[in-house]
Amino acid sequence: MTGTEKFPRSSGVRILSVGTANPPRKYTQQEVLDLYREKDWKIRSIFLGGHIETRHLYLPEPNNGTMPDETPQELIEKHLRGSLEIGPQAIEECLEPLGLAPYDIDYLCCISTTGFLCPGLSAHLVKAMGFRENVQRADILGMGCNAGLNGLQAAAHFAHAYPGKRALLVCIEICSAAYVYNRTLNTAVVNSLFGDGAAAVLLSTDHGDGALAPRIVDFESHIIPQAIRAMRFDLEDNKWSFYLDRDIPYVIGLNVRKPVARLLGRHQLKIRHIKHWLVHSGGKKVIDAIAYNLGITRHDLRHTISILRHYGNLSSASFLFSYKELCREQVVARGDLGVAVTMGPGTTIETALLEW
Amino acid sequence: MKTYETLKVTQEGQVLTVRLHRPESKNAINMRMVYDLMDLVDVVTDASDVSVVVFRGSNGCFTSGIDLKDFSLEKPPDIYGLQKWENMCRQVEKLNKFTVAAVEGECIGGGVQLVLLCDARIAEKKAVFQLNEVKLGFLPGMAVFRLAKYVGLGRAKNLILTGRRLKAEEALQWGLLDTVSEAVSFEDCVHTMVHRLLPFHPEALELSRRLLNECYAVEYEDFIGRFLAAQHRAINSEAFRQLIVEASKPKSAAKALVGQEGR
Numbered sequence: 001m002t003g004t005e006k007f008p009r010s011s012g013v014r015i016l017s018v019g020t021a022n023p024p025r026k027y028t029q030q031e032v033l034d035l036y037r038e039k040d041w042k043i044r045s046i047f048l049g050g051h052i053e054t055r056h057l058y059l060p061e062p063n064n065g066t067m068p069d070e071t072p073q074e075l076i077e078k079h080l081r082g083s084l085e086i087g088p089q090a091i092e093e094c095l096e097p098l099g100l101a102p103y104d105i106d107y108l109c110c111i112s113t114t115g116f117l118c119p120g121l122s123a124h125l126v127k128a129m130g131f132r133e134n135v136q137r138a139d140i141l142g143m144g145c146n147a148g149l150n151g152l153q154a155a156a157h158f159a160h161a162y163p164g165k166r167a168l169l170v171c172i173e174i175c176s177a178a179y180v181y182n183r184t185l186n187t188a189v190v191n192s193l194f195g196d197g198a199a200a201v202l203l204s205t206d207h208g209d210g211a212l213a214p215r216i217v218d219f220e221s222h223i224i225p226q227a228i229r230a231m232r233f234d235l236e237d238n239k240w241s242f243y244l245d246r247d248i249p250y251v252i253g254l255n256v257r258k259p260v261a262r263l264l265g266r267h268q269l270k271i272r273h274i275k276h277w278l279v280h281s282g283g284k285k286v287i288d289a290i291a292y293n294l295g296i297t298r299h300d301l302r303h304t305i306s307i308l309r310h311y312g313n314l315s316s317a318s319f320l321f322s323y324k325e326l327c328r329e330q331v332v333a334r335g336d337l338g339v340a341v342t343m344g345p346g347t348t349i350e351t352a353l354l355e356w
Numbered sequence: 001m002k003t004y005e006t007l008k009v010t011q012e013g014q015v016l017t018v019r020l021h022r023p024e025s026k027n028a029i030n031m032r033m034v035y036d037l038m039d040l041v042d043v044v045t046d047a048s049d050v051s052v053v054v055f056r057g058s059n060g061c062f063t064s065g066i067d068l069k070d071f072s073l074e075k076p077p078d079i080y081g082l083q084k085w086e087n088m089c090r091q092v093e094k095l096n097k098f099t100v101a102a103v104e105g106e107c108i109g110g111g112v113q114l115v116l117l118c119d120a121r122i123a124e125k126k127a128v129f130q131l132n133e134v135k136l137g138f139l140p141g142m143a144v145f146r147l148a149k150y151v152g153l154g155r156a157k158n159l160i161l162t163g164r165r166l167k168a169e170e171a172l173q174w175g176l177l178d179t180v181s182e183a184v185s186f187e188d189c190v191h192t193m194v195h196r197l198l199p200f201h202p203e204a205l206e207l208s209r210r211l212l213n214e215c216y217a218v219e220y221e222d223f224i225g226r227f228l229a230a231q232h233r234a235i236n237s238e239a240f241r242q243l244i245v246e247a248s249k250p251k252s253a254a255k256a257l258v259g260q261e262g263r
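So the sequence lines, in the order shown, correspond to chains A and B. Start counting the first sequence at 1; every next residue gets the next number (our numbering). Start counting the second sequence at 1; every next residue gets the next number (our numbering).
Isolated chain A, as found in the complex (with noise of 0.2 Å):
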């Protein structure tokens, strides 16, 4: 490793495939309102701002017709069972057109915030689908919304240290099960903002037919200590409670440019010859303030814009969201640079350069 990448120049790890899954039921922001009877106008406000239509969620069956009060105990199985549910199936898709299944796996790298497991997730995963009994696996939990470019990169470095294999990287959020319903307009953000979603990406030097495939080219990490406090975790009712911080957009907003610029400027690069941006869905907030920080259009953002607003903030898994549109859409061409950006608790800001 020369100078200050973070990434080996000669590592040829790339994206090989990805695969997505979500809850089977899916819910307008009107319909969630109508579930809680919800009257108060702020919070019906702050569910029907414009920015999200739908999310696919895991909501308990009303009960003649009030929506029952889940125990901290209900909502920790069903982070567990709703992971179990989900996160086989996007593993599946992204390992099914490689040909691949879970026994061909050697590194797993599970991710979530919205459940504490021991066992870990990992090790439910290996004896739900048959990975081999010999998997290196790191679940990473509690690191938030930018944890999906952590674990990428604790995938990369397996995946370039030991060339031919395969890393398999999970994120699997099952938000629902970190929502307090207290009526209050903090637990309503949350409440309005977050939804479940599963994404999985494998990760390898072998580049078997040589099909149209990312390289990972480097990462650059940023925190900005002195916002510790603005995202984290509270208890409530003896329940797990996101707290954002209302100045969190702008504190995004304003760091975002220090590590991209880090990012690029080693490879002698500029924000214009980026092709592709695959931007964390943390919210409209945070987007606008991306936009206009670093320059960069509503086109570029197109997929974290419909990510939004088709699924909600999938926490960590929502930029592998963003990918897997762009996969689909066709419109990336060989030699096509692109970053991905994730922000969440830290505060964190992390970032990878992706080469076509």
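Hint data in this document are derived by calculation from the structure and do not stem from the laboratory. Small disclaimer: the values here were computed from a predicted structure and weren't measured. One or more of the hints may lead you astray.
What the hints assert, rightly or not - Derived lysine-lysine pairs resembling DSS-like cross-links, with alpha carbons at most 30 Å apart:
# : chain 1 : residue 1 : chain 2 : residue 2
1 : A       : LYS275    : B       : LYS149
2 : B       : LYS2      : B       : LYS94
3 : A       : LYS270    : B       : LYS2
4 : A       : LYS275    : B       : LYS84
5 : A       : LYS270    : B       : LYS8
6 : B       : LYS84     : A       : LYS270
7 : B       : LYS94     : A       : LYS270
8 : B       : LYS2      : A       : LYS275
9 : A       : LYS275    : B       : LYS94
To be verified - Partial chain B-side listing against chain A, Cβ under 10 Å, derived:
#  : residue
10 : THR45
11 : ASP46
12 : GLN91
13 : GLU214
14 : GLY225
15 : PHE227
16 : ALA229
17 : HIS232
Where is the CB? At the ideal position from N, CA and C, for every residue including glycine.
Given the coordinates of chain A, work out where chain B should sit on it, guided by the hints.
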């Protein structure tokens, strides 16, 4: 600054003057010129010693428009060259410098399109503007997107659909131009105008220009968020911090007023 086959580029202080220069064809726009302009924009973007870019013609003419000699009957015309032109135009429109179009004489077709990209537009009295493409049987590029925003739909239809010639004085009335001067005093006019722009804050310029360019197609509820994101960046700049430092000094208000009158 580099030299180009179809452009004459000179720098005086922070002001870069780019002259379209093809004397054999009244500065007609060919593919070579598109590539030259693309390269120029790339270089200028990173040139920290340039603040203002002035686009001009040469030999008393801005440009006679697209050079049809570039097309050949041998192969079917493709759209990609024209797409390159549009990409180049977009880069000029988004350039991180103050852009000025200074027009003398004929400004036809692609020339008018270039004028529409610029932050400030001035001309001498005898300058004439014409979008003759529709009259000839094709389209005036993305002037179909930009022109109406300057002059309104009716006037845009009038100019584009009839292909009539528009004199500088009328272009001024329409709001297409900011200033029109006598031919003899044009150099002075350009010089004064450009130096009145300096100094400015490139970030505030870029952000405001982007919002203005976007403002016609967005609902207020969407636009306010974008405005706040942009304004937040502006008020966190070093320039704004200096303003606060100045304002906190005694008598600063009086000084600021005097300063403004001086301009």
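The hints, checked one at a time:
1. Straight-line distance between C-alpha atoms of A:LYS275 and B:LYS149 comes to about 28 Å, which keeps the hinted pair within the 30 Å bound.
2. Restraint check: the Cα-Cα separation between B:LYS2 and B:LYS94 comes to about 21 Å, which is no more than 30 Å; the hinted pair holds.
3. Our distance criterion of 30 Å between C-alpha atoms is met by A:LYS270 and B:LYS2, whose separation comes to about 20 Å.
4. As the CA atoms of A:LYS275 and B:LYS84 are separated by approximately 16 Å, the hinted pair is consistent with the 30 Å bound.
5. In summary, the hint linking A:LYS270 to B:LYS8 is supported, as the alpha carbons are separated by about 26 Å, within the 30 Å threshold.
6. Restraint check: the Cα-Cα separation between B:LYS84 and A:LYS270 comes to about 20 Å, which is no more than 30 Å; the hinted pair holds.
7. Distance hint between B:LYS94 and A:LYS270 is fulfilled; the C-alpha atoms sit about 14 Å from each other, no more than 30 Å.
8. Proximity of B:LYS2 to A:LYS275 is assessed by CA-CA distance (about 27 Å); at most 30 Å being required, the pair is judged to hold.
9. This hinted pair checks out: A:LYS275 and B:LYS94 have alpha carbons roughly 16 Å apart, not beyond 30 Å.
10. Look at B:THR45: its Cβ gets to within about 7 Å of chain A, closer than 10 Å, so that hint holds up.
11. Interface hint status for B:ASP46: upheld, as the beta-carbon distance to the closest one in chain A is roughly 7 Å, under 10 Å.
12. The restraint placing B:GLN91 at the interface with chain A holds, with a minimum CB-CB distance near 8 Å, inside the 10 Å limit.
13. Below 10 Å, beta-carbon pairs count as interface contacts, and B:GLU214 has one with chain A at about 8 Å; its hint therefore holds.
14. A distance limit of 10 Å between C-beta atoms decides the matter here; for B:GLY225 the minimum to chain A is near 5 Å, and the interface restraint holds.
15. Given hint, B:PHE227 at the interface with chain A, holds; its Cβ is 9 Å from that chain's nearest Cβ, closer than 10 Å.
16. Proximity of B:ALA229 to chain A holds as hinted, the smallest CB-CB distance being about 4 Å (cut-off 10 Å).
17. Taken as an interface hint, B:HIS232 checks out: its beta carbon lies about 5 Å from the nearest beta carbon of chain A, inside 10 Å.
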